[in-house]
Amino acid sequence: MAKSIAEINEKIKKGEAVVVRADEMPEIVEEKGPSKAAREVDVVTTGTFGSMCSSGAFINFGHSDPPIKMQKVWLNEVEAYGGLAAVDCYIGATELSQDRGFEYGGGHVIEDLVAGKEVHVRSTSYGTDCYPTRRLETTITLEDLNQAYLFNPRNAYQRYNAAVNTSDRRLRTYMGTLLPRCGNINFAGTGGISPLINDPSYRTIGFGTKIFLSGVEGRIVGEGTQHSPRTGFGNIAVKADLRGMDTKYLKGATIPEYGTSLMVGLGIPIPILDEELAKSTAITNDRIETNLLDYGVARRERPVIKKVRYSELLSGKVELNGACIKAAPLSSFKLAYDIMDELGKWIAEKRFFFPQEVEPLASERKFKPMMVRSKVPRVAEIMTKRVYTASYKDSIEKVSKLMVGEGVDQIPIVDPENRVVGIVTSLDFTRAVALKKRKLSDVMTSKVVTSKPKEPIDEVSRRLERFGFNSTPVVDNDGKLIGIITLSDINRAYGRITR
Amino acid sequence: MKKYLLKYSADAAKKPILSEAILKTGVLVNILTADVEYSTEHLVITVSGDAKAEKKILDYLKGGGVDVEVLEGNIVKDKDRCVDCCACYGVCPTKAIQIKDWRMELDGDECILCKACVEACPTRALKLKG
Chain A
1 MAKSIAEINE KIKKGEAVVV RADEMPEIVE EKGPSKAARE VDVVTTGTFG SMCSSGAFIN
61 FGHSDPPIKM QKVWLNEVEA YGGLAAVDCY IGATELSQDR GFEYGGGHVI EDLVAGKEVH
121 VRSTSYGTDC YPTRRLETTI TLEDLNQAYL FNPRNAYQRY NAAVNTSDRR LRTYMGTLLP
181 RCGNINFAGT GGISPLINDP SYRTIGFGTK IFLSGVEGRI VGEGTQHSPR TGFGNIAVKA
241 DLRGMDTKYL KGATIPEYGT SLMVGLGIPI PILDEELAKS TAITNDRIET NLLDYGVARR
301 ERPVIKKVRY SELLSGKVEL NGACIKAAPL SSFKLAYDIM DELGKWIAEK RFFFPQEVEP
361 LASERKFKPM MVRSKVPRVA EIMTKRVYTA SYKDSIEKVS KLMVGEGVDQ IPIVDPENRV
421 VGIVTSLDFT RAVALKKRKL SDVMTSKVVT SKPKEPIDEV SRRLERFGFN STPVVDNDGK
481 LIGIITLSDI NRAYGRITR
Chain B
1 MKKYLLKYSA DAAKKPILSE AILKTGVLVN ILTADVEYST EHLVITVSGD AKAEKKILDY
61 LKGGGVDVEV LEGNIVKDKD RCVDCCACYG VCPTKAIQIK DWRMELDGDE CILCKACVEA
121 CPTRALKLKG
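Quick mapping for you: the protein sequence lines, in order, are chains A and B. Residue 432 in my numbering sits at position 432 of the first sequence; the count goes up by one each step and never skips. Residue 24 in my numbering sits at position 24 of the second sequence; the count goes up by one each step and never skips.
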């Protein structure tokens with residue numbers, strides 16, 4: 001027996017609709033069976049709350065007198081995109097402020113607007129016959145604006161990866177702080193209560209679906225960017241008016257040493273039209289699997305460490321190689337529950353009705369990678385292959401003569417098998433003179449930062465910056481020296497790319 | 001077990017006071033965190049042994065110009081900023097942060113002032129006291 005949207009709306013109007021939360025549905029279906037559950041339950045509410053970087057707001061300021069074509073726009077010193085018409089702009093959540101860096105960005109500007117705070121506006125332009133003003137500074141509040149709406153191109157992933165770090169260095173990523181040597185696991189998404197996973201074939205979710213967005217009623221305006229339903233990574237583009245939003249469900253976020261973002265609260269009520277929807281909304285966390293990825297590898301395809309279920313992640317502890325590792329959600333389950341309850345209240349107070357028709361999201365869509373045609377060079381392409389080396393038994397005099405003779409600033413020290421055991425630089429020799437050292441082994445650095453021939457040079461340049469070195473020997477998989485790469489090699493290569 | 005915050009003055013930081021205190025009193029300490037610079041020092045320690053041993057070594061340290069404070073309720077959260085995302089939970093090296101009923105719960109007495117949570121918090125809801 002199937003129910004129609006009109007019947008469910010009629011029940012809402014009469015105050016008779018039965019609304020349950022997504023976390024309550026598994027038990028109901030278990031107890032009554034899907035057919036009876038579908039008859040008795042009319043709506044299942046879902047929710048999620050977390051950092052959603054692909055978020056931002058469109059704003060229209062209205063015209064000043066004399067008018068300005070706002071070409072460059074800053075809101076509280078966060079640049080907004082002004083390349084549309086004269087007084088429209090788009091402020092993106094991840095744009096950093098020019099004065100406070102990671103501590104304040106586009107997401108914080110949006111939160112401040114919703115909180116009713118004054119926001120400083122600065123704009124510059126080239127001036128035209130119709131828009132003569134070239135510079136403008138003022139303050140605005142949300143009330144002063146004509147339109148201001150959240151327009152998020154990619155929100156509410158069906159599920160997301162979990163992150164761990166096998167490297168020996170603490171990482172700051174978009175998945176938060178990852179401690180070295182698998183010290184912690186971060187994951188995102190709210191598992192069985194998250195919106196899209198409760199209707200994975202998008203029977204009721206599509207263009208036009210009404211949703212809860214940060215405290216107000218919003219709409220889905222299409223599939224999200226990178227929508228990838230077949231791999232379980234479907235997502236949606238959403239829109240809602242900033243007016244009326246609640247900062248409880250909308251917060252500017254700092255992801256340490258990564259950037260800024262916007263924490264968004266999003267919920268979708270799902271009309272239970274038939275048995276199939278009763279079944280899909282009965283999804284439990286032990287049936288949702290995701291990949292635990294190694295973020296210690298900064299490449300597009302990160303290695304899968306293992307498959308984990310949300311039930312395991314949600315227990316707060318995940319077993320990995322015999323050790324128990326703390327797992328943190330990054331999404332707020334507390335607020336996701338509040339959102340589901342809020343939706344229940346909207347329906348009970350007859351403030352929410354389902355739209356008659358929605359246009360379903362694409363259920364077949366592949367997420368393609370970017371092909372980079374101007375290739376970033378690999379180490380092997382730009383390294384110097386002819387390397388002058390020395391043995392640690394050599395005298396300081398001999399090695400310093402070699403340096404002067406060949407005009408190099410550093411000499412790798414190798415063992416008889418050509419494996420790198422140290423490096424010595426001109427600075428080390430200065431130190432030798434200052435401290436009256438005689439032996440090469442007393443002044444050389446034995447903790448050497450090496451690189452591999454296939455690494456992109458961007459990675460090597462970050463590594464050199466981190467350790468404050470000017471060069472790194474290049475070694476093969478056996479640790480044998482095959483070349484050397486210096487900062488000036490890298491600079492020359494970057495020069496070629498920009499040209 | 002009580003945790004103590006030792007604050008060294010510029011003069012005290014130049015002497016090996018903690019080593020002296022341990023050798024002279026025979027009381028062992030465990031250093032939980034150390035923030036050491038040329039002219040200032042902050043250590044968080046616990047002391048092995050009974051109250052008497054504790055008093056003995058702490059008195060010695062005080063005599064050497066070290067400021068000794070008991071650490072309690074070291075970390076505070078701004079309830080309006082905290083969204084219970086629990087990003088702090090995973091990076092905390094002690095039991096100061098737990099998740100209970102999907103809420104982040106703080107036990108300030110367990111905190112050792114390492115600041116890992118303060119840095120990891122996306123909404124900047126956590127602060128060290130004082």
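Keep in mind the hints are simulated off the structure, nothing from the lab. Treat the hints with care, since some could be wrong.
[Claimed, not checked] Have a look at the derived ranges for each label pair, beta carbon to beta carbon:
#, chain 1, residue 1, chain 2, residue 2, range
1, B, D80, A, P180, 44 to 54 Å
2, B, K62, A, R300, 49 to 59 Å
3, B, V36, A, Q226, 39 to 49 Å
4, B, D35, A, F367, 17 to 27 Å
Using N, Cα and C, we set each Cβ at its ideal position, and we do this for glycine too.
Structure-based check of all given hints:
no.: 1; hint: B:D80 x A:P180: 44 to 54 Å; result: 33 Å, violated
no.: 2; hint: B:K62 x A:R300: 49 to 59 Å; result: 58 Å, holds
no.: 3; hint: B:V36 x A:Q226: 39 to 49 Å; result: 47 Å, holds
no.: 4; hint: B:D35 x A:F367: 17 to 27 Å; result: 45 Å, violated
Hint check: violations occur at hints 1 and 4; the rest are consistent with the structure.
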